[in-house]
Amino acid sequence: MLNLNPETVCFLISRTRVFHSKEAVALPDEPDSPTDDWALQVLADHSGDSVFQEFKATVDDLEPDQQQALVALMWLGRNDFSADEWVAALQEARQNWDENTAEYLIAHPLLADYLLEGLHLLGYSCDE
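Take 1 as the starting number for the sequence shown in the UniProt record's numbering and just add one per residue.
Any given hint could be a false lead.
As the list claims (entries may be wrong) - Across the chosen pairs, the derived CB separations fall in these ranges:
1. Asn5 <-> Ala88: 30 to 36 angstroms
2. Arg94 <-> Gly48: 30 to 36 angstroms
3. Leu110 <-> Asn3: 20 to 26 angstroms
I should point out that these hints are in silico values taken from the structure, not numbers from a laboratory. Think of the CB as a built atom: it goes at the ideal place given N, C-alpha and C, for glycine as much as any other residue.
With these hints in hand, go ahead and build the complete structure from the sequences.
Structure (C-alpha cells):
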C-alpha cells in the first residue's frame, strides 16, 4: 500500500519536529500569496538551517513516486482524503508533483502530526 519505508517517514517526522520547534522558524497558517511558490518564499530565510538541510536532502533523495506518497500521506493525515481514498490521494500528488516537495512539506506547521496520522490511518506507526 505505502511504497515508502515507514522508517523514513518517522525520521522525517523527527526532523520536522526539531525544525518547527526552533524559535526562529515562523511559518504562516495560510500563505500570504496565492502563488504556488509560497513555500519557497517562506523558507528562503531557513536555507542555511542544518535540520532543514537534512530534511530536504532526505526528501530529495527519494524517488518521485516516493515523494508523491509522502505528500499524499500528509494530505491523508490532515483529512483531505480518507484511507479509502489513498489511490486518489496518490493520483492527485502525482499530478501536482514538482521538484520542490521538501519545501512544500516543511512549510506546513503541523506536518509531523499529519504524517504521523497518515501513517496510523494506513496501519503503520513510529513505535519502536
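How the hints compare with the structure:
| no. | hint | verdict |
| --- | --- | --- |
| 1 | Asn5 <-> Ala88: 30 to 36 angstroms | violated, 23 angstroms |
| 2 | Arg94 <-> Gly48: 30 to 36 angstroms | holds, 32 angstroms |
| 3 | Leu110 <-> Asn3: 20 to 26 angstroms | holds, 24 angstroms |
Figure legend: structure checked against the earlier numbered hints; the only hint not met is number 1.
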